[in-house]
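There are 2 protein chains.
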Amino acid sequence: MKRKDVEVYEDILKSNVAAAAEVRRRFREQGVLVVNLLSSPGAGKTTLLERLIDRLPPPARLAVIEGDIETERDAERIRAKGVPAWQIQTGGACHLEAKMIGRLLGELPSDLDFLFIENVGNLVCPAAFDLGESLRVVLLSVPEGDDKPKKYPKAFLTAQALVLSKADLVGLLPFDPERARGEALEINPSLAVFRVSALTGEGLDDLVAYLHLARAGLAAEDGRHA
Amino acid sequence: MKRKDVEVYEDILKSNVAAAAEVRRRFREQGVLVVNLLSSPGAGKTTLLERLIDRLPPPARLAVIEGDIETERDAERIRAKGVPAWQIQTGGACHLEAKMIGRLLGELPSDLDFLFIENVGNLVCPAAFDLGESLRVVLLSVPEGDDKPKKYPKAFLTAQALVLSKADLVGLLPFDPERARGEALEINPSLAVFRVSALTGEGLDDLVAYLHLARAGLAAEDGRHA
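In order, the protein sequence lines correspond to chains Z and V.
Okay, so the first sequence: first residue is 11 according to the working numbering, each after it adds one.
Okay, so the second sequence: first residue is 11 according to the working numbering, each after it adds one.
So here's chain Z without its partners, still in its complex pose:
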C-alpha cells in the first residue's frame, strides 16, 4: 500500500478501536457476553448458532447479529428458531466494523445474556476489526484442511477459542485434527480448542459450558472493577 492508503487504513482501524471500546463498555455494563464468530464461507457458523440456540434454551436470553455481503438468509434461519436476529448487509465490504454494531445498540433488547455476531464469511479481513466482543471464536471446518492456521494466522492469533467444525468428517477427509490444533496453538498458545459436529452433537456441550463460564467470568471481572 502507498503511504496515503496506509494512513487511511490506520484511520479506519483507529476509529474502529474507539467504537469497539464503547460497544464493549455498553454490553459489559448490561452483563451481555458478546461473541464474534469468524470463519471462511461455509465453515458452519450459522448451523453452529442454530445448535447453540437449542442448547441455550430460555431462561437464557439470546440475540444474533448476522453479517453478510448480500441476502437476509442467515437472519431468517435464526428467526425461524425463535431468536431475534438483525441482518447487516455490508454491500461488498468484507468484514463488519464496530460502528455497525453500535448503530444497533438502541434496537437490541437490553436484558440479554448472550449476543452472537456472525461475521462476514472471510478468514482474513474480519480478524483486523474488533467489534467490541468479549469473546472471539474462530471456526475451521474439516473440509478446509489442517494447514490453514499458519496461512491465515491473524484470525487464530486474535481469537480466544477455536472450533474445529464438521468434526463428523474427520476420517472421511484428509484432515488431522492434531495438526490443526498444534498449528493453531503455536500461533496462540492460550486458544481453547473444541472439536464440534453440529450434525452428531459432538463437542457442543463443552462449548456451551465454555460460553457459560465466559459469561460468568465477565460478571466476576465487572465485580473486580466495581
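Please keep in mind that the hints were generated in silico from the structure rather than gathered at the bench.
As the list makes no split between identical chains, a pair holds if one copy fits it or if it spans any two.
Calculated cross-link-like contacts (lysine-lysine; reagent style BS3-like; alpha-carbon spacing at most 25 Å):
| no. | residue 1 | residue 2 |
| --- | --- | --- |
| 1 | K91 | K161 |
| 2 | K109 | K161 |
| 3 | K160 | K91 |
| 4 | K24 | K164 |
| 5 | K24 | K109 |
Using the hints, position chain V against chain Z.
Leaving out everything else, chain V in the frame of chain Z:
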C-alpha cells in the same frame, strides 16, 4: 466508508485497472492464457492445480503464481510436481493486485502456454481486482454449501467459469449442485459450470478441454486484432 476512504479505494482500483491492462497486453502478446483462480480458503485450488498439471503434461508449458497471506506451502506443492512456481506473500492483504503480477513479468519464462494464478483464499476481496487474467475461474466446494453464490455474488458475476469442487462429496453432504448452479447462473448467465472432483477425476477432462479452447480463443482473438 467515509469520503476520503472511498477516494483512496477508488484510486487503488483505478491504478489496478491500468496495471492489469498492461499485464494482459504482455501475456496476450506471448500467447499465454492467464487463469485467475478464486475461492474461499480450502475449496481445493491447489489440489485442482496439481490435477490440472497431471493432465496438461509437456509439451504444454505451465507456470504458477501462488498468493497467500503467509507461508510458501502452496508454491512448494506445485514445485514438487516439476512446475515452476512463484509465491507472493501478501503479509496481511486479502487479495492479489495486478502490480504484484507485473513485478514478476521479468522472472517468468517467456514461452508459456498457461499461467495459473492462485489468489488468496477469500471469496470477497479478490473479486474486485483484475490481475490481467484472460480467464477467471471461481471454485465453490461442496462442503461450503449451495447457498453461497447469492451471498458472495461478485466472484460469480466476474468469473467466466465456475468449478463445483469436491464433487465426490455430493450425496454425503447437504449440497444440491443444481441449486448452486442455478443460483450462480442467475447472477451470471454466461458462466461455464464444471462439476469436478480432484479425488475421482470427475469433470477434469472437460475442464482441461475448456482451458485448451480458451487458449485457442485467445490466439484467434489476437489474429482478429492483428
